[in-house]
Each structure stands twice: as structure tokens, then as C-alpha cells.
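Just need the whole structure built from these sequences, with the hints factored in.
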Amino acid sequence: MTSEVREKKIKTNGIWLNVADKGDEGEPLVLLLHGFPETWFSWRHQIDFLSSHGYHVVAPDLRGYADSDSPPTHESYTVSHLVADVIGLLDHYGTAQAFVAGHDWGAIIGWSLCLFRPDRVKGFVSLSVPYSPRDPNLKPSDLFKSFGDGLYITQFQEPGRAEAAFAKHDCLTVMKKFLLTTRSDFWVAPPNTEIIDDLEVPSTLPDWITEEEIQVYADKFQKSGFTGPLNYYRAMDLNWEILAPWQGYKIVIPTKFIAGDKDIGNEGANGTIKYVKGEMFKSIVPNLEVVVIEDGHHFIQQEKSERVSQEILSFFNKLRNITE
Amino acid sequence: MEKIEHTTVSTNGINMHVASIGSGPVVLFLHGFPDLWYSWRHQLLSFADLGYRAIAPDLRGYGDSDSPPSHESYTLLHIVGDLVGLLDSLGVDQVFLVGHDWGAIIAWWMCMIRPDRVKALVNMSVEFHPRNPSVKTVDAFKALFGEDYYICRFQEPGDIEEDFALVDMKKLVNGFFTSHNTRPPCIPKSVFKYLPDPPALPAWFTEQDVCFYADKFSQKGFTGGLNYYRAMNLSWELTAPWDGLQIKVPVKYITGDLDPTYHIPGTKEYIHDGGLKKHVPFLQEVVVMEGVGHFLQQEKPKEITDHIYGFFKKF
Chain A
1 MTSEVREKKI KTNGIWLNVA DKGDEGEPLV LLLHGFPETW FSWRHQIDFL SSHGYHVVAP
61 DLRGYADSDS PPTHESYTVS HLVADVIGLL DHYGTAQAFV AGHDWGAIIG WSLCLFRPDR
121 VKGFVSLSVP YSPRDPNLKP SDLFKSFGDG LYITQFQEPG RAEAAFAKHD CLTVMKKFLL
181 TTRSDFWVAP PNTEIIDDLE VPSTLPDWIT EEEIQVYADK FQKSGFTGPL NYYRAMDLNW
241 EILAPWQGYK IVIPTKFIAG DKDIGNEGAN GTIKYVKGEM FKSIVPNLEV VVIEDGHHFI
301 QQEKSERVSQ EILSFFNKLR NITE
Chain B
325 MEKIEHTTVS TNGINMHVAS IGSGPVVLFL HGFPDLWYSW RHQLLSFADL GYRAIAPDLR
385 GYGDSDSPPS HESYTLLHIV GDLVGLLDSL GVDQVFLVGH DWGAIIAWWM CMIRPDRVKA
445 LVNMSVEFHP RNPSVKTVDA FKALFGEDYY ICRFQEPGDI EEDFALVDMK KLVNGFFTSH
505 NTRPPCIPKS VFKYLPDPPA LPAWFTEQDV CFYADKFSQK GFTGGLNYYR AMNLSWELTA
565 PWDGLQIKVP VKYITGDLDP TYHIPGTKEY IHDGGLKKHV PFLQEVVVME GVGHFLQQEK
625 PKEITDHIYG FFKKF
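Quick note, the sequences are listed as chains A and B, same order. Position 57 of the first sequence, counting from 1, maps to 57 under the working numbering, and the rest follow consecutively. Count along the second sequence from 1, add 324, and you get the number used in the working numbering.
These are calculated hints, taken from the structure and not from any lab test. There could be a bad hint or two in this list.
[To be verified] Partial selection, computed: residues in chain B whose CB lies under 7 Å from chain A: (1) Val333; (2) Asn336; (3) Leu401; (4) Val404; (5) Gly405; (6) Ile437; (7) Arg438; (8) Pro439; (9) Pro520; (10) Leu562.
[Claimed, not checked] Chain B stretches covered by chain A per the calculated footprint, using a threshold of three residues with CB under 8 Å from any CB of chain A: (11) 497–507; (12) 597–609.
For clarity, every value in this text was computed on a predicted model and none was experimentally measured. Quick reminder that beta carbons are idealized off the backbone N, C-alpha and C, glycines included.
Right under this line is the structure:
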């Protein structure tokens with residue numbers, strides 16, 4: 001299937017992104033934004049499915065990843081940079097308004113796109129990561145302190161730390177630790193433990209991914225490393241500063257949120273699933289549908305590929321007044 | 325002037341000093357460099373009389389508002405964030421916006437990224453130019469006007485502050501506000517050693533006005549205001565998402581024919597021959613005031629009030 005996917009380099013916002021696309025360029029454009037630590041390959045099922053159902057599907061390797069450029073410092077990885085990269089892609093394809101789906105960090109980029117350029121988004125599907133109200137008095141690094149040093153986000157802050165921890169394992173093992181995780185906590189490691197050492201590799205692969213597919217990721221990260229991807233986390237406080245003008249902003253663009261009930265941060269009373277079904281989320285994203293997939297974990301568009309593909313298709317089709 | 329209320333509002337992590345007076349629809353006035361709420365002293369009183377609530381903050385870095393130390397805290401997004409927070413704390417959904425100089429730049433960008441918070445805009449002196457994706461803002465000025473151009477001279481932290489400190493503060497204030505020199509301000513270091521005495525104060529800028537500014541800037545220094553210039557290239561990076569987007573708020577633009585901004589090569593054609601309108605499609609009126617320099621709202625307070633009121637009352 002991925003042999004029919006075209007890949008090319010596109011210049012946008014001063015950098016070169018490697019972009020996969022498939023489908024008829026005359027059809028409405030769907031932009032797919034991957035998360036951490038992934039590549040466009042995470043969307044392989046949706047690329048195939050959506051392109052055979054009337055959409056031109058575009059999925060970049062995001063800034064810092066795989067075959068795309070990796071500017072050296074974290075200051076070049078703010079949501080401003082990432083959204084401008086995406087706008088440049090839409091401009092390249094001559095698309096005034098796109099359907100957008102984002103997972104994990106790709107969802108954060110999608111939410112930011114809805115804040116900054118609502119004029120460019122017809123509808124948005126967010127996987128895993130909801131839109132949260134900005135706390136004007138609490139920046140992210142202070143919020144994370146309350147989780148202690150074990151929190152993966154905290155461990156990702158110091159330049160070089162996570163890179164060194166990851167390097168103690170081969171890339172295939174690193175990818176298995178992430179992709180195959182079934183943990184639903186907030187990814188907090190015990191004292192004096194790096195999260196990469198705490199994540200476990202299951203003894204057998206689940207049925208939704210093969211060794212060869214995981215090797216695709218491993219090969220990419222072997223070449224490009226993890227600093228680019230980790231820089232997204234290192235820019236979180238900057239993002240908080242940048243987002244001040246959108247304090248309290250309601251996103252009125254039609255939105256669908258999809259997550260597995262066993263995704264990261266869904267354990268316990270104050271998990272993500274509770275939040276997305278609650279009044280607070282609805283009040284800031286009023287035009288919202290929520291889908292919770294049973295037995296789904298973090299890398300949901302791979303683990304439950306058919307379901308996620310259908311949910312995305314039906315949502316975008318509905319916005320185009322197409323019913324199957 | 326005594327009727328003007330002075331309050332401190334907590335917004336976007338800073339304490340902001342705000343001068344306000346009157347009741348009714350809110351008009352928010354944004355000063356420039358090196359200026360203060362005080363620039364709008366005449367308009368604050370007139371708009372209160374006209375049935376508006378007139379509000380003029382000291383922007384971040386100025387006067388009695390906080391001055392975070394690093395220039396990285398002075399991007400367009402920080403300042404617009406301050407103003408959105410200010411409006412939220414006042415419970416105001418939409419404002420009439422007036423900007424001058426740096427305040428005009430902030431106003432353009434507030435309209436670009438939060439058009440939902442602005443009913444209409446009257447902007448003075450500095451017109452809107454879209455971002456050039458190929459060259460950073462300060463680099464472009466350096467290429468055009470050289471490294472002694474004031475924007476370039478303002479870049480290095482501490483450098484221009486040292487030059488300003490060589491000059492008596494009142495003489496500096498007089499020089500800033502009353503000069504009708506229309507040449508692009510190039511200020512090599514030598515200029516500060518042998519600054520001629522400025523001419524006598526014009527009628528519109530009294531000794532009291534000079535003292536007000538001299539006191540505030542002696543207390544506070546110029547670094548806060550200079551940080552806006554030092555953050556220009558960073559703002560350029562961070563405003564990339566809005567390349568190509570038009571400003572969709574009704575606008576009236578006013579400048580003086582002795583404003584140095586009006587004399588930057590290409591500006592007259594840009595303003596009058598459709599360049600500005602292309603990026604600001606709801607630009608409804610353009611006014612060039614004869615014999616007026618950069619600080620229009622102080623030089624011709626009544627005319628400026630009439631221009632602003634004449635525009636806002638349409639909405």
C-alpha cells in the first residue's frame with residue numbers, strides 16, 4: 001500500500017518538509033499530522049482509506065522528524081513555527097480550506113491552527129489530545145513540577161538528557177517501548193528512573209503492527225535522532241507565552257475528538273476521557289463530537305485503524321453533506 | 325486631568341498601569357515609542373465628554389507598568405496578550421481601537437489575530453506592511469538604510485541607552501517630540517556627543533509636558549521601550565502563520581505630511597495607490613494632515629479627536 005504513496009520535499013516557512021501524499025489532487029485535501037515519536041507512516045492506513053474515498057491526502061514528516069529538516073534549537077519548535085509550516089503546505093497545494101486530523105503533538109498543532117488560522121480549516125479531528133483552557137497564572141513547567149521528576153515531559157526538558165537515555169537502547173527497542181505501550185497513567189517513572197527504561201516491551205507483538213513496520217520507524221530515527229522531536233516539549237513554556245492572545249478563546253470550527261479509553265492519562269478520576277465528556281471542554285469547543293474507542297491505547301490510528309478511518313471519513317463527509 | 329482615574333490591572337503576568345475616564349463604549353488608546361498614556365491626555369478628556377469610556381495604558385516596558393527584563397518578552401504576541409487580558413479583566417468584549425507609532429503596529433496585529441475583539445480601528449503614522457518571508461524585519465531595515473538607522477542602532481542591549489545617557493533628559497524629550505525633521509533617522513554615535521540645542525518649545529508641548537516625560541523616563545529608563553525593537557526579528561519568526569492574511573477590521577488611517585514615516589521611500593505610493601488597501605480591504609479613509617509631524621494626537625488634539633470620533637460614530 002505505501003508503495004503507491006508519493007513522497008516529495010516541499011519548501012515551507014524557510015525549511016524543507018518531506019511530504020507523503022496520495023489520491024486525486026482535484027479532491028478536497030485532508031492534512032494528517034503525526035505525533036511523538038512518529039512519522040507520516042503512522043497514518044498509512046488512513047492515507048490509503050481516505051484517498052480511495054474521495055480525498056487528496058497529505059501527510060508530512062513534521063519539522064524535526066525523519067526526512068524533514070531539523071532546526072537545531074528548541075526555540076524553532078513553537079506552535080507558531082509548526083502552524084506556519086502547515087499553512088505553507090496548504091499554500092503549496094493551493095488549498096484555501098483543508099480538512100485536518102492530528103494525533104498527539106499533531107493534535108496540538110491542529111488546535112493551534114484552529115486558533116491562529118480558523119479561515120484555513122473546514123473541520124478538525126483530534127486524536128488523543130484535547131484542547132485545554134490556558135491558565136494565565138500557571139506556565140507548563142510549573143504545572144509539571146507537581147508531577148515530580150518522573151514525569152516524561154519533565155525528563156524531556158533538559159537538552160541531551162532523554163537523548164542519552166534513549167541511546168542506551170537500540171532504536172527498534174525504543175520504538176517498541178513507545179508504540180506498544182499499554183500504560184494509561186500519565187507516564188511517570190519511579191524515582192531515579194528514566195521513562196525509557198520504565199516503559200516495557202511486550203513479549204509478543206499485538207496483531208495491529210508487524211516487526212517490519214516498527215523497523216520503518218527505527219530506521220528513520222536511527223538517522224535523524226530524537227532531538228528534533230524532543231524540542232517540541234522543550235518549547236512548551238514558549239508556546240504558553242505565545243498563546244496569551246487566545247486566552248479564553250472558543251474554537252467554533254466543527255471538531256471531532258477520538259481517543260482510546262486506555263490512552264495515556266486516562267487512568268483515574270481526572271483523566272482525559274472524563275475531561276472530554278465534560279462541560280468545560282464543550283464550553284470552549286462547542287461544535288464538538290466525542291468518540292471513545294474501547295480497549296484503545298495511545299497510537300490509536302494504527303491500533304484501531306479501520307474504526308479511526310471510518311470515524312474520520314464519516315465526519316469529513318458529513319461536513320461536505322455526503323452520506324454513505 | 326484630575327478626573328482621569330489611574331488603576332493597576334493584572335494581565336498576562338504583568339501589572340499594567342491604566343489611565344481611564346468616562347462611561348460608554350470603550351475606546352482603547354495605544355501609545356508608541358518613546359511615549360506613555362499621557363500622549364492621549366487630550367483625547368481621554370474629549371472622548372469622556374463624547375460619551376465613551378476612554379482607556380489608555382502604559383504599555384509593557386513603559387511608565388508605571390511592569391518591564392520584564394528580557395527583550396524576548398516583548399514580541400507582538402506578548403503585547404496583544406496583555407491587551408486581551410486587559411479587556412477580559414474589564415469585562416469588555418469588543419473595543420474601538422486607536423494606535424500610534426508602536427501602538428499602531430500592535431493595533432494592526434491585534435486586528436490580525438483577534439479581529440473578534442475590535443469593532444473598528446483608527447491608526448496613526450505607521451501603516452501596515454505584510455511580513456516578508458524571505459528577510460527578517462531588522463535585516464531588511466539594515467539593508468535599506470544602513471547600520472546607523474535608528475532601528476539598527478536600537479538593537480544591541482545597552483548600546484543606545486549609553487548614548488541617550490549622554491544627553492540631558494529634557495533636551496532628549498524635546499528632541500524626540502518636537503522635531504519636524506523628515507529625513508530617515510540615522511543616528512551614528514557621534515550625533516549624541518554634539519547634539520544641538522532644540523528650538524524653543526512649540527505651543528502644543530509645554531514645559532509641564534516635557535517634565536512629565538522626563539520624570540517618567542528618568543525613573544524607568546528606555547530599555548523597556550527599546551525591547552520592542554529588539555524583539556522585531558523574533559516577532560517576525562512568530563508571525564509566520566499569518567502570511568498572506570488580510571486585516572478584516574474597518575480602518576481609518578491618519579498621518580502627518582511632516583511625519584518621517586510618511587517620507588520613507590515608497591510610502592506615499594503605498595498608502596495612496598492601493599498597496600495598503602490590498603492588505604487592509606476595509607480601509608475606509610486615509611487622511612494626511614498638512615504641516616503635522618509624528619505626534620499628531622498632541623500637535624493637533626482637536627482635529628485628531630474629530631477624525632477619530634467621526635469614524636467611530638459610524639459603527
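How the hints compare with the structure:
1. Val333: Given a least distance of 13 Å, the restraint on Val333 of chain B is violated.
2. Asn336: Because about 5 Å separates Asn336 of chain B from the closest Cβ in chain A, which is inside the 7 Å limit, the hint holds.
3. Leu401: Hint holds; Leu401 of chain B Cβ to chain A Cβ min 5 Å, cut 7 Å.
4. Val404: Because about 4 Å separates Val404 of chain B from the closest Cβ in chain A, which is inside the 7 Å limit, the hint holds.
5. Gly405: Hint on Gly405 of chain B: holds, closest Cβ of chain A at ~3 Å, below 7 Å.
6. Ile437: OK, holds: Ile437 of chain B within 7 Å of chain A, min 6 Å.
7. Arg438: holds, 6 Å
8. Pro439: At 10 Å from the nearest chain A Cβ, Pro439 of chain B fails the 7 Å test, so the hint is violated.
9. Pro520: violated, 43 Å
10. Leu562: Where the cut-off is 7 Å and the nearest Cβ of chain A is about 4 Å from Leu562 of chain B, the hint holds.
11. 497–507: n = 0 at 8 Å, threshold three: violated.
12. 597–609: This one is violated; 0 residues, fewer than the three required, reach chain A with a Cβ under 8 Å.
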